[in-house]
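Q: If you're matching positions, the sequence shown starts at 103 in my numbering and goes up one per residue.
Just so you know, the hints here were simulated from the structure itself, not pulled from any lab data.
Straight line, CA to CA, 20 Å or less: simulated EDC-like cross-link-like pairs of lysine to aspartate or glutamate:
(1) Lys344 to Asp311
(2) Lys333 to Glu256
(3) Lys333 to Asp244
(4) Lys344 to Glu256
(5) Lys133 to Asp172
(6) Lys333 to Asp311
(7) Lys344 to Glu143
Values in this document were obtained by computation on a predicted structure and should not be read as measured data.
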Amino acid sequence: MDHGPNRSFVVACSPYSYRAPSPPVIGVPVKSRDDSQIVLEPLPGRVHPSLISRENLAIITGNRQQVSVDNTWLWKYEHRREAQRILDYLYLGPASIVRDHDFLRREAITMIVVVRDGRAPMVLGSLQRAAATLGISAGYIDINPNHILAAFYEIVSVINNHLLSNHFCRKEVADGSRGLGKVLVVCDSGTDRGPPLVAAYIMAVFGQDIMTALQFVNIQRFCCNFTEDAKRALLTWDGLLKAGALVAMQSAHDDTLLFTDKAACYKTSTKRAIDDLMEDVDEKMGCDALADGERFEGRETFVPFQEISY
103 MDHGPNRSFV VACSPYSYRA PSPPVIGVPV KSRDDSQIVL EPLPGRVHPS LISRENLAII
163 TGNRQQVSVD NTWLWKYEHR REAQRILDYL YLGPASIVRD HDFLRREAIT MIVVVRDGRA
223 PMVLGSLQRA AATLGISAGY IDINPNHILA AFYEIVSVIN NHLLSNHFCR KEVADGSRGL
283 GKVLVVCDSG TDRGPPLVAA YIMAVFGQDI MTALQFVNIQ RFCCNFTEDA KRALLTWDGL
343 LKAGALVAMQ SAHDDTLLFT DKAACYKTST KRAIDDLMED VDEKMGCDAL ADGERFEGRE
403 TFVPFQEISY
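With the hints as extra help, turn the sequences into a complete structure.
A: Here it is, written out as structure tokens:
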């Protein structure tokens with residue numbers, strides 16, 4: 103019996119999307135109530151030496167541990183209008199808190215940093231009045247959404263320079279005790295532009311990874327909103343800090359030993375093809391095996407579309 107000509111159609115071999123490709127979402131794990139406390143400890147070996155030296159790190163942090171305060175379970179909507187202590191010397195809040203002079207006196211704030219959009223910089227009259235009335239330092243950091251990394255470097259420099267200046271000038275803080283001072287970082291709502299800069303500062307000074315820094319800030323100011331762009335910028339910042347610390351650690355070793363280790367690991371200088379990458383690394387070389395071999399699997403048999411006849 104003649105069933106007629108065969109028919110065929112084309113099907114996709116994998117899920118297909120019509121939108122432009124986008125980077126994966128960076129998820130931040132939520133700390134459980136029983137394990138919500140995060141402890142930061144100054145570790146010079148994790149710190150980028152070009153951002154802060156060992157001596158200045160000891161001066162700024164006092165080699166003290168920083169323990170987070172879990173505000174998530176008692177958080178109320180009204181708390182977003184207040185400023186929360188993130189570190190012993192660093193606070194985060196909305197721009198409206200600058201008008202609360204009683205708060206500034208009570209917490210012995212010695213500097214206010216306003217984080218604003220660089221495309222439309224606004225001057226806060228309340229900041230000028232607070233600086234004139236209380237005699238505290240004030241400054242602005244403009245954020246370019248396309249180059250937020252520059253603001254990360256700036257916030258580290260501004261905060262550390264202020265604290266070190268107070269140390270070398272032996273300035274007395276408002277409560278009468280001798281100290282380095284305290285810095286208040288604010289933005290419009292205290293939820294979007296300021297938190298990434300505070301997280302970047304924690305990563306730079308305490309050598310923490312991105313997840314620990316985000317969790318440390320978020321559990322103390324629960325209304326923080328870390329956008330995907332901000333998290334990707336912090337992920338890049340994390341890589342820069344780790345690379346700088348690693349380079350500094352390697353340069354501290356003897357140059358001869360470092361050269362010998364490199365020569366033992368990289369014996370050949372010729373270019374390698376993909377087939378060479380797939381081969382096992384000789385154990386005598388002492389190098390790690392290929393870590394991303396999975397990305398080569400299945401490439402020979404994969405086709406994006408397939409024709410099916412019936």
